[in-house]
Amino acid sequence: MPPVLLKSDELFGDDKTGLPYDKSREISRYLLMHYGAVDDVFDRPRHPLADAHGYPRRLSRMLQDSALRTGSRVRRVLDVGCNVGGVTHALSEWAEDLVIGVDISPRSIEIAQTLTRSGGGTFSVAELGPFTRDIELRLPATDGRAEVRFEVGDAGALKGGSDAFDAVLLSNVLDRVDDPAACLAQFSADADLLRSGGLLMIACPWSWYPEYSHPGTWLGSAQDHTSSEEGLKRLLEADFTLVDEADQAGVLRQNPREYDYFEAHVTVWRKR
176 MPPVLLKSDE
186 LFGDDKTGLP
196 YDKSREISRY
206 LLMHYGAVDD
216 VFDRPRHPLA
226 DAHGYPRRLS
236 RMLQDSALRT
246 GSRVRRVLDV
256 GCNVGGVTHA
266 LSEWAEDLVI
276 GVDISPRSIE
286 IAQTLTRSGG
296 GTFSVAELGP
306 FTRDIELRLP
316 ATDGRAEVRF
326 EVGDAGALKG
336 GSDAFDAVLL
346 SNVLDRVDDP
356 AACLAQFSAD
366 ADLLRSGGLL
376 MIACPWSWYP
386 EYSHPGTWLG
396 SAQDHTSSEE
406 GLKRLLEADF
416 TLVDEADQAG
426 VLRQNPREYD
436 YFEAHVTVWR
446 KR
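If you read the sequence shown in the working numbering, its first letter stands for residue 176, the second for the next number, and so on.
Honestly, the hints are just simulated from the structure, not real lab data.
Be aware that one or more of the hints could be misleading.
Within a straight-line C-alpha distance of at most 30 Å, the following computed DSBU-like cross-link-like pairs (lysine-lysine) qualify [what the hints assert, rightly or not]:
hint : residue 1 : residue 2
1    : Lys334    : Lys198
2    : Lys334    : Lys408
3    : Lys198    : Lys182
No experiment lies behind these values; they were computed from the predicted model shown.
Could you put the whole structure together from the sequences, leaning on the hints where they help?
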């Protein structure tokens, strides 16, 4: 029997302790976005938001395309802000050796580890009112795929190792760290994190909130009418070359009648 990753009664619990991303409803929503089939997410065919489905896999493909275009060999990848690991597993389909997912949420990492170890699992999603629905998911066979690991870690204080990463992905995390510029500076300055010639992908909807970071640290400036996109480019252009840029849509389901839609600004950079 596959393990139970999230029980239905947990969706209606108090959840007053822990980090925001440790809460059961958030875990359920991200499991559905990362691993759910389109029929699991939407209650009818041709749903108006159906094109936003598959965000994790689209990020992975965009990074893979950039690696092929630049002739970059990608053996080791770091997925920062991995949550429950959907992007991490998608990256393992084409990376050569190892993909490590890092997230500040211990519960998200525990679920990602259980899911990886068991090759699947079941979880509950909210329906309307007090009703829930169970979903079973299965990961593809590991044959021919890179090794996948998950670790608890802070995106603003990452640890390098003896073997630098060939690619790093920050997905929907840069507007959730205390100091976005300092977070990015880790990849410019630390050759133990990202090697010279390595790829850095940043996906972010730029949804800034003062509970996550002080407005003075947000990328961009109201004073000179600089957008977050422009602020990002100014920070990186001295040490990186822009390889690709696009908008990628995503959707998080609250219930069959409520969805959170976003469009992430996605850039891929090559470190000089």
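Comparing the hints with the structure gives:
1. For the proposed pair Lys334 and Lys198, the alpha carbon gap of about 26 Å is at most 30 Å, so the pair holds.
2. A threshold of 30 Å between alpha carbons decides the hint, and for Lys334 with Lys408 the separation of about 24 Å falls inside it, so the pair holds.
3. Distance hint between Lys198 and Lys182 is fulfilled; the C-alpha atoms sit about 12 Å from each other, no more than 30 Å.
Checked against the numbered hints listed earlier, the structure breaks none of them; every hint is satisfied.
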